[in-house]
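Trainee: This is what each chain is made of:
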Amino acid sequence: MAIHHAHPPGFAHQFEDMQQQREAGSLGMWVFLLTEMMFFGGLFATYIVYRALYLPSFEIGSHLLEVRFGALNTAVLIGSSLTMALAIHSAQIGKRGAQVGFLITTMILGAAFLFIKFTFEWRHDYVEHLVPGFGFAIRPEWGAPGAHVPMFFCFYFFMTGLHALHMIIGIGILAVLTVMAHRGRFTPQYYSPLEVSGLYWHFVDIVWIFLFPLLYLIGGRYLRGGH
Amino acid sequence: MSTATIDVHEVPTGSRVNYLNAQYGVKSWLLTTDHKRIALLYLASITLMFFVGGFFAVLMRLHLIEPQGALVQPETYNKLFTMHGVIMVFFFLVPSIPATLGNFLVPMMIGARDLAFPKLNLLSWYIYVIGAIFTLYAVISGGVDTGWTFYTPYSSSFSHTSVVPTALGVFITGFSSILTGLNFVVTIHKMRAPGLTWFRLPLFIWAIYATSIIFILGTPVIAITLFLLFLERVLHIGIFDPAIGGDPILFQHLFWFYSHPAVYIMILPGMGVMSELITCFSRKRIFGYSFVAFSSLAIAIISFLVWGHHMFVTGQSIYAGLIFSVLSFMVAIPSAVKVFNWTATLYKGSISYDAPMLYALGFIGLFTMGGLTGLFLASLATDVHLNGTYFIVAHFHYIMVGGAVMAYLGGIHFWWPKITGRLYPDGWARFAALVIFVGFNLTFFPQFMLGYLGMPRRYAVYPSEFQVLNVMSSAGASILGIGYLIPLIYLIWSMRYGPTAGPNPWGAKGLEWTTPSPPPTENFEEIPVVTEEAYDYAHSTVIRG
Ligand code: HEM
Ligand SMILES: [Cu+2]
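These protein sequence lines are chains A and B, in that order. Okay, so the first sequence: first residue is 94 according to our numbering, each after it adds one. Okay, so the second sequence: first residue is 858 according to our numbering, each after it adds one.
Among the hints, erroneous ones may be present.
What the hints assert, rightly or not - Where chain A lies over chain B, by a calculated footprint (3+ residues, C-beta under 8 Å):
id, region
1, 1044-1054
2, 1087-1094
3, 1101-1107
Hints are computed from structural coordinates only; laboratory data are not their basis. Beta carbons are placed, not taken as given, at the ideal position from N, Cα and C, and that holds for glycine.
Turn these sequences into a full structure, and let the hints guide you.
Mentor: Listed below in structure tokens is the structure:
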């Protein structure tokens, strides 16, 4: 290329202009989320099939989960989605300090979620011998209907684990964004990395919104008044 | 296609800066973000995998020369067909055209400087390589014997081979396909040159777009399925294994939910190449552009609805079977539309029989055979007889090898002068195309007959009345093998010694041909403005040579 115009910061050479780059970035994220949807979708479908096949076992398994932790985590995550949205808003109106503040809050909330998940819930499950492959103990009171409780926990750990992995990646992305925001990289004209990462963060949030009832709530406890 | 005419006459390759000589050294290749160089990285790696997979095929055909098996133990035979299938499907055919020709051509055909996300593109190659290493490790550490379909419970409790590294390898490469597909979709949506509307796009782009949709929607499902299989094996928790409470049929549903669309991942890009070849070598615009374009999308969509036709005899309700049968017939319609339109394009064209065209004509014949025999299999009653026999093997090889690989080789021969700036020896190329065609038919036609007569697939021994046909098939395979080696030799030779090609040796339309060969790193000095439809050969002023 013979003539190069002076390009705005963050501009990548393969694009014609900043607008094209921004549109490509957000379309790319949407397409990626489509893939993610099918990824979790396959898992949800498998879970639903087995839940239908082995309903008693899945109900027993669901009862053994700690709903209060799940509910608390749901609130934490929804809060983090709000602060994420506020971070983008502060970039749009050009407030650097608020941007950094909201990003850090989002990270803290994400970390709180993981903390509750790992140190309270999973540890509790481990102590109760509910982790398949790590000293899982079948309890006599489950009887014959409980034959597939280990399968429920296998799904539980896989699904929440995969979700947690997404959270960890998300926190990593947020850390990078925080540094960028702190250096003043985002302006009302250019904030698409924030916007695109926000999409991702909300998506991970939505996955949890599906996971929570699927795993914790539809055990029949509330529908049938518990045991 | 563009109004800009070419003024890059025979500049010797060495003296002009292009993507090949812009930088030297291993590092400049391993860290490149140029889509053209990444295409070549893929080309080298999938060619390697093709010959590894081919090696297992040769051993199988040698073994089957004798009814009692001439070469290996039955257990080893199981490993041979598994590793052949896994490598050919996941490590050669799925990435073949998209990752090589697609990577090279998508930006060039739409008048862009690169794909939308060049670093992601490089990352996807590394992911492919890591996946391939896992699978090759499985090969070395004793092999796998589950069949490329990994059916449970073979793959869960019964197999004592390297199922875990193989499944992980396939799982990992899946992400490479997803990233490639994502990159293509965004690039095609957002980076077309001014004036290049959707209905002016080359049909190759439509085909790649449709393929990318399947990559994006299908691949994650196989990924999750293989991961569950992996968990089952590692943790011994029943998910798919009936002995410990899992459901093996569910595995098949999930597997084919991806793998039927995946067969279209393998053929759609080939169909795209076909539209480019047929138009160029009959010097006509495509017959029924929008039909060909939309049939690609139709195939991509319907292909997600027919997976049950692989399970007609595996415990699926008869009503489900009926519906899957009808839907399978429907997916044949857009495929047939394409074949008719290519044929109609040939009609009254001024046809020349250059090497790429020979491959294209071979494709039409072989793909038609493969597609028509698919209808036998999609009919419930005939499938009960043919299921699990060599008829299946012949059916999908006619499509995947006779179709997809033919198109791949045709495409490589067509764009080779653009990629390398050099011409290959035309006589040898035509000779190789004929050898491949003859060898292919001799290998696989007898397998239709074997299957019809009742010879089951995946057995190491067979009754002696099948020997004649088996020997024919093995003889054909050796001819086919030689046919594949010839291009390998002369193409490599031509990179150094071939005559300079010039920007447009075929007199073809399309933006990629308006650049010098090999193209400069940024593809276009100035982004072209497109003012005409694709394949406007009737008003063409471009001449060959
Ligand atoms: C014209 C449309 C097609 C129809 C109606 C069709 C139909 C079928 C059916 C019904 C089967 C299952 C047979 C059985 O298991 O009993 C089958 C198997 C197969 N088809 Fe096709 N097919 C078509 C196109 C293709 C294409 C385009 C490809 C690949 C590029 C392909 C590759 C395969 C493979 C790999 C198998 C065997 C899978 C296995 O069991 O290992 N088919 N086909
Ligand atoms: Cu199929």
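Trainee: State for each hint whether it applies.
Mentor: Hints versus structure:
Only residues whose C-beta sits within less than 8 Å of a C-beta in chain A count toward coverage, and the region 1044-1054 of chain B has 4 of them, enough to reach three; the restraint holds. Interface restraint, the region 1087-1094 of chain B with chain A: holds (5 residues with C-beta to C-beta distance below 8 Å; minimum three). For the region 1101-1107 of chain B, the proposed coverage by chain A is satisfied: 4 residues have a C-beta within less than 8 Å of a C-beta in that chain, meeting the threshold of three.
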